[in-house]
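Residue numbers (the numbering used here), protein chains in the order written: chain A, 1 to 293; chain B, 1 to 293; chain C, 1 to 293; chain D, 1 to 293; chain E, 1 to 293; chain F, 1 to 293.
Some clues are possibly wrong.
Because identical chains cannot be distinguished in the list, a pair is counted as satisfied if it fits within a single copy or across any two copies.
Unchecked claim - Straight-line distance between alpha carbons at most 25 angstroms, and here's what the computed PhoX-like set of lysine-lysine pairs gives: (1) LYS8 / LYS142; (2) LYS8 / LYS173; (3) LYS33 / LYS8; (4) LYS194 / LYS8; (5) LYS33 / LYS173; (6) LYS142 / LYS194; (7) LYS73 / LYS8; (8) LYS30 / LYS173; (9) LYS30 / LYS226; (10) LYS173 / LYS142; (11) LYS194 / LYS73; (12) LYS8 / LYS30.
These are computed hints drawn from the structure, not numbers from a lab.
Number of protein chains: 6
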Amino acid sequence: MSGNNMLKIGIPKGSLEEATVNLFARSGWKIRKHHRNYFPEINDPELTARLCRVQEIPRYLEDGVLDVGLTGKDWLLETGADVVTVSDLVYSKVSNRPARWVLAVAGDSPYVRPEDLAGCTIATELLGVTRRYFEDAGIPVKVQYSWGATEAKVVEGLADAIVEVTETGTTIKAHGLRIIAEVLLTNTVLIAGKAAWADPWKRAKIEQIDLLLQGALRADSLVGLKMNVPAHNLDAVLDQLPSLNSPTVAGLRDSTWYAVEIVVENDLVRDLIPRLRAAGAEGIIEYSLNKVI
Amino acid sequence: MSGNNMLKIGIPKGSLEEATVNLFARSGWKIRKHHRNYFPEINDPELTARLCRVQEIPRYLEDGVLDVGLTGKDWLLETGADVVTVSDLVYSKVSNRPARWVLAVAGDSPYVRPEDLAGCTIATELLGVTRRYFEDAGIPVKVQYSWGATEAKVVEGLADAIVEVTETGTTIKAHGLRIIAEVLLTNTVLIAGKAAWADPWKRAKIEQIDLLLQGALRADSLVGLKMNVPAHNLDAVLDQLPSLNSPTVAGLRDSTWYAVEIVVENDLVRDLIPRLRAAGAEGIIEYSLNKVI
Amino acid sequence: MSGNNMLKIGIPKGSLEEATVNLFARSGWKIRKHHRNYFPEINDPELTARLCRVQEIPRYLEDGVLDVGLTGKDWLLETGADVVTVSDLVYSKVSNRPARWVLAVAGDSPYVRPEDLAGCTIATELLGVTRRYFEDAGIPVKVQYSWGATEAKVVEGLADAIVEVTETGTTIKAHGLRIIAEVLLTNTVLIAGKAAWADPWKRAKIEQIDLLLQGALRADSLVGLKMNVPAHNLDAVLDQLPSLNSPTVAGLRDSTWYAVEIVVENDLVRDLIPRLRAAGAEGIIEYSLNKVI
Amino acid sequence: MSGNNMLKIGIPKGSLEEATVNLFARSGWKIRKHHRNYFPEINDPELTARLCRVQEIPRYLEDGVLDVGLTGKDWLLETGADVVTVSDLVYSKVSNRPARWVLAVAGDSPYVRPEDLAGCTIATELLGVTRRYFEDAGIPVKVQYSWGATEAKVVEGLADAIVEVTETGTTIKAHGLRIIAEVLLTNTVLIAGKAAWADPWKRAKIEQIDLLLQGALRADSLVGLKMNVPAHNLDAVLDQLPSLNSPTVAGLRDSTWYAVEIVVENDLVRDLIPRLRAAGAEGIIEYSLNKVI
Amino acid sequence: MSGNNMLKIGIPKGSLEEATVNLFARSGWKIRKHHRNYFPEINDPELTARLCRVQEIPRYLEDGVLDVGLTGKDWLLETGADVVTVSDLVYSKVSNRPARWVLAVAGDSPYVRPEDLAGCTIATELLGVTRRYFEDAGIPVKVQYSWGATEAKVVEGLADAIVEVTETGTTIKAHGLRIIAEVLLTNTVLIAGKAAWADPWKRAKIEQIDLLLQGALRADSLVGLKMNVPAHNLDAVLDQLPSLNSPTVAGLRDSTWYAVEIVVENDLVRDLIPRLRAAGAEGIIEYSLNKVI
Amino acid sequence: MSGNNMLKIGIPKGSLEEATVNLFARSGWKIRKHHRNYFPEINDPELTARLCRVQEIPRYLEDGVLDVGLTGKDWLLETGADVVTVSDLVYSKVSNRPARWVLAVAGDSPYVRPEDLAGCTIATELLGVTRRYFEDAGIPVKVQYSWGATEAKVVEGLADAIVEVTETGTTIKAHGLRIIAEVLLTNTVLIAGKAAWADPWKRAKIEQIDLLLQGALRADSLVGLKMNVPAHNLDAVLDQLPSLNSPTVAGLRDSTWYAVEIVVENDLVRDLIPRLRAAGAEGIIEYSLNKVI
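Extracted from the complex, chain A is given alone in its bound form (with noise of 0.2 angstroms):
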């Protein structure tokens, strides 16, 4: 009982691993990598952390090597390893949207749904899952594992279709090729070994590791706006303000004026500045967040 304070975590090496490092630099843990160690450090007594591939994460808190880890949904169905999803992260290298694992073919060929493949060869990084989407859809084909650079494998007639990941589709378009069908919707995820999870000093250290992780993603897509509004405006101005979200609202010294606090989702911020100096607000400012719980 004694001395089993020490969580063990697995974090993503390769494309994943520096949107994780800041993750979690933001959440609260500096990770640093040497140069010549195996063992990355990190800033707290209770946690030691191993840098894995996303795809090997899984097995390793199975098989209770490691407690905690993040892993893709797409490796996580493809082991068909046993564990626990803690939550999903959504983030990923490139944007902080979830990513698709989908069928292509080549731009020119006659192929246009799932079923016109039937005997034809499949290019995949992500065996298991496409053996079993054209194993449940009832369609023959030959799926071959792909060592990398899978697109360009359909463009050099290597293959007639492949099953690749994308977030926006500009790789797959720019490789000329077409999208058929959607073979899974995948994101980063928080997993924790069964056994680690049973355990209560364990859970409540990886629930608050989930609960940081959380709130410093929620502010990657989050500002702080200030304004100052006179009394007769105040309502007007409110108005405006989206309604999810409650505004803080004190009375200034000088009393006909009011000092209004907001958390908005940035992707409003560009319509909704204009819409406060009509209603009336002044000296607005914006600020950036690190966390919001």
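Starting from the known structure of chain A, arrange chains B, C, D, E and F on it as the hints suggest.
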């Protein structure tokens, strides 16, 4: 009329590109350039963007190929394009001050005034403006187009003088050149095509962009200050604050103290903070702003 | 008196340079290095800056060539320069903790205490301090100046032990070395020449720089938190806050809620936020600070 | 007459610079560019070099500022400079074949011949040559100067067609463009100013440079082959050798064998070697050449 | 039959790519990869090339998608593809010696023989070969696929042993691992599809490629030596020469001297030259070779 | 006695490292540096190598830690180490000429001779040699150790003069400095420890290394020329050849022609080839050499 709600914007490519993309990001528009794609993505369905050389943007607005864009006052003059100047946006790759096109000669040459260059060869990228400058002054010179590395031309003996742009004069001096006249003061301008400006929807959209860009630029040189002040020092502290910006003063629950907030010029802070401390302010904190409108 | 209002400051070049330039930027002084120019530009007409090796700055202050500068406690001791230490500024390239000069030997060597090294060869860049250390301890050794890559010397059999600087011990361990003693604890210091310190104007300017540098450094480890708290939970929330920092509490227009703001140690936030939530705080946001004075 | 023995040479700066400096090195002249110096060093007391834009070199020769230089046939035509073309030097950044300025349109556009472009906008860096091309063909078009990234202009809808330079057509095709005509075939040329060419010493020096540059360029596409051949196979082996190059045949001390050496086109070797082996040659070795004159 | 004269060749992409492209260049085929194009250009109208992962090439030959290609003996075994092995081509990214797949454990672990690993977890990229190795030895282990950074897995405690490829053992040792068995010796092989090998034209073309690749590889480890030898020393000098290579000896016009040429192993030269000098050879020069056939 | 057959060699690390590793490669020894290993690999079982700073190599030879090494004449003098100088090896990072330590002052300073610097401060990395230089000349100066960027010190007003190393004087001039005296001429030297030099096996090995390094260095400045010459022009052609190198002349099977081969200075070729052509030589080819002994 319908379906017209799309504005085509020209973003400067090259030395001003990164600063411009950053300015738009702070203003609320994310412009993402794709490796294999000519159309930068922009997160506003009412906008399409093109990356163009700053010298070409005025022409594209004049031709109606684009609706709005950013260019330099210098290239607007050089091209003589018939467009609307919406506003000045004083920012650049290096600093946030206007730049100057100057007439410079070798440090050890006998030339001290423009008229000493009669009969000489002048190298410049700004051919038309330079020719007009010397014609207006009645000084006969040979103006040659320079394909870059203009400062070196005087050093190498390939020209007698140059007309070149500079922000700080550092590069000019580092080449051992001496400035003998200022030919043109320039800065970035937001310009609109005449037809776009005459269209009410497009004009409103252009004005929204202008408002937000100005707000983001203003925030670059301002910071927020907060401090706590006991009631008996409040007037002394308020006296120190720049008169142009009115502070937000709120009484605290503990009634003998006030929370004072103000937005001030970044450049004044290093002198203001010692004076605020002397006047009785405590717990002074400074924070960054994204936009000030 | 007249014309004397110029302070010459020495900025460390090399491994500490970027961190120092950033610290000055956050403090209110922009130092810009020009490609073909030896004098970094600084946006304060009362300052001129020189980039110097950290080892040379004490000497230049002693000689009166510069008025004020940043160096390490280690090199101040090594040079024995007769200057005024204004304050400690604990920051570095890697972390914001002090560094240590340690005595290290090969992991598999028999040496366990400094006295075991009698008759051995010690390689170090800190020649004088190391010699004095062994002389004071009465241990006869041969101390050799090392021109860099000191850790490798023990591995390669070129020295029996080394005295080398380390922040985390990671590089030492990665070379398979074992630390057997700490020779010196060091950090960055702000130092002034004696004549400059005696001049009232220069001393006031040095103290202004010190105040702002300290304020910026302090802000590195602090963040601002804001939250809304219903009246009935206010005491429970205030009880959670670190006692050293007094929160700003303001009543909201809607009288049963309070807005609470506080500045806290960055490192405490990940534990504090769950407790604040449990105590009834809502809408907790965290934001960054530039300066705290 | 005296002191005249100095030739001023213009070396192309930019995309052709590295290939040119390498060619001169193989020809016997080392050109070294110094970081903080405008005059590249050249190891021949009879030469001074200037790095100039390829577009500017013809003008500097015409003005007598330089004596000799390298430029493209395209820019020679565009500038219309009155200089002497000494020789063709077919080399470039990418390959050693001539390049073409081609007229290209969007792959999916209706244009198939130049005359289909009547009334259209053509973007190009080669303004004068392009205007003349369409005038000579009697096709009325608007030719606009392009400041770079010309291929993208058609894709982006900023121009209807472009005139752009290409060696292999790869970039044109990669942009989805279709070539509909060839406007100009171009390659690097060695040109001389008229006064320099009329001066016997300068002309002899220019001819020496030309001879060596040609010798080094020729060596790029040739290799040396050596082999041993028994007397009874000598005729069969010699029959395989390209008739244009006469082999060197020497009897060996062991009188029934001959050593055969020949210089052949690099591109023929992979087919020649199997045939030489079949004809009885043994110990075939291939080696590189620096110059062939 | 007609129109069949095109051979499709698979070139390894990734770590072996640069070495392979260089080898083909020295053999007489220039392969150029285009930035926006999937088909590397090759200067032989009878060849088309595809860049493929080394693991995928055997499969594409088996399927008849490609005719000939380069892969490793290891991946040929792992895939079990039914193809023709034309020849061994011992070259690699690092050296020109075969590589080994070795079984390695932590340096301080108790394992000394493969059988000590019974019940342990083995991480490897070469899943099939490794499973067969342990099955053949009758040792029950859990073999897990490793997605890279395999050496680190033992250090990090994620596996008990690894099977990894190494040329010099350096990386293995640098991770503190200990090799306890050799699982497989491997090198690059030229392989052909069965149908292609059965087609006379394709087979001849493959044999031409093989001949030239072998000739270029051989030249890597050989150099040419030339020297002049007076008649009375000729036998002494010839005695020093390696007996396998017969020298070319030609009498000079000045009849008492001979010119001697020979091709020798690069590695012998540093010992051979002092001996040749001692035996009376003069003017010894060494030069490089492109091909030796 | 037995087991003594191992020579320890010190290879300069840093600015001379790449040139040295290349020189050894051309001489027959491949030195490979491993990322995580301190001992560079060398393909000779009789050698072990250490990478050391050029300033430390003399000391390690003197102490017997190493047997042989490369350093500069300057650091040999500065350290005063008691070792054997085996030979001069004139090569460097930049060129293959000796370098000079020069005394330089600001271009616009009044100093013209060393004696004008009496009472001044001199900054240099070569402390001992510089002190001795001024003592020998009887000029009282303050010599300060400079930790790099020495040229800038005069420009920045931190020193009155510097003693700095230069090959071409370019950097000195680019800083606006003026050379007023030469303090020391230096080049790379091969040095041996006294004990190693006294050991016959070690001395023979050192002499082998010296012979091959000299042969490779010599080949850098030489090339091979071959040409065919008709009998009636043979004397005219031979007359053009530099008298120091005797050509190899062999009669061809076709008896009226001769094959002539010679090794000549690279720098002479550009003038020699035109003369050989004029004298009747045909088919002149130039090729590179690896070693000339």
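Now the hints, each set against the structure:
1. Taking the closest pair of Cα atoms, LYS8 and LYS142 come within 25 angstroms of each other only across two copies (22 angstroms); inside a single copy the shortest separation is 39 angstroms, beyond that limit.
2. For the identical chains of this complex, LYS8 and LYS173 are inter-copy neighbours only, at 22 angstroms across copies versus 40 angstroms inside a copy, given an alpha-carbon limit of 25 angstroms.
3. Taking the shortest alpha-carbon separations for LYS33 and LYS8, only the intra-copy value of 16 angstroms comes in at or below 25 angstroms, while the best inter-copy value is 36 angstroms.
4. In the homo-oligomer, the alpha carbons of LYS194 and LYS8 lie at most 25 angstroms apart inside one protomer (13 angstroms), although the nearest pairing across protomers, at 51 angstroms, exceeds that limit.
5. In this assembly of identical chains, the alpha carbons of LYS33 and LYS173 lie at most 25 angstroms apart only when taken from different copies (14 angstroms versus 36 angstroms within one copy).
6. With identical chains, the CA atoms of LYS142 and LYS194 are at most 25 angstroms apart between copies only, with a shortest distance of 21 angstroms across copies and 35 angstroms within one.
7. In this assembly of identical chains, the alpha carbons of LYS73 and LYS8 lie at most 25 angstroms apart only when taken from the same copy (20 angstroms versus 38 angstroms across copies).
8. In this assembly of identical chains, the alpha carbons of LYS30 and LYS173 lie at most 25 angstroms apart only when taken from different copies (21 angstroms versus 38 angstroms within one copy).
9. Proximity of LYS30 to LYS226 under the C-alpha cut-off of 25 angstroms is restricted to the inter-copy arrangement: shortest distance 23 angstroms between copies versus 30 angstroms within a copy.
10. For the identical chains of this complex, LYS173 and LYS142 are intra-copy neighbours only, at 24 angstroms inside a copy versus 33 angstroms across copies, given an alpha-carbon limit of 25 angstroms.
11. For the identical chains of this complex, LYS194 and LYS73 are intra-copy neighbours only, at 17 angstroms inside a copy versus 42 angstroms across copies, given an alpha-carbon limit of 25 angstroms.
12. With identical chains, the CA atoms of LYS8 and LYS30 are at most 25 angstroms apart within one copy only, with a shortest distance of 15 angstroms there and 37 angstroms across copies.
Figure legend: structure checked against the earlier numbered hints; every hint is met.
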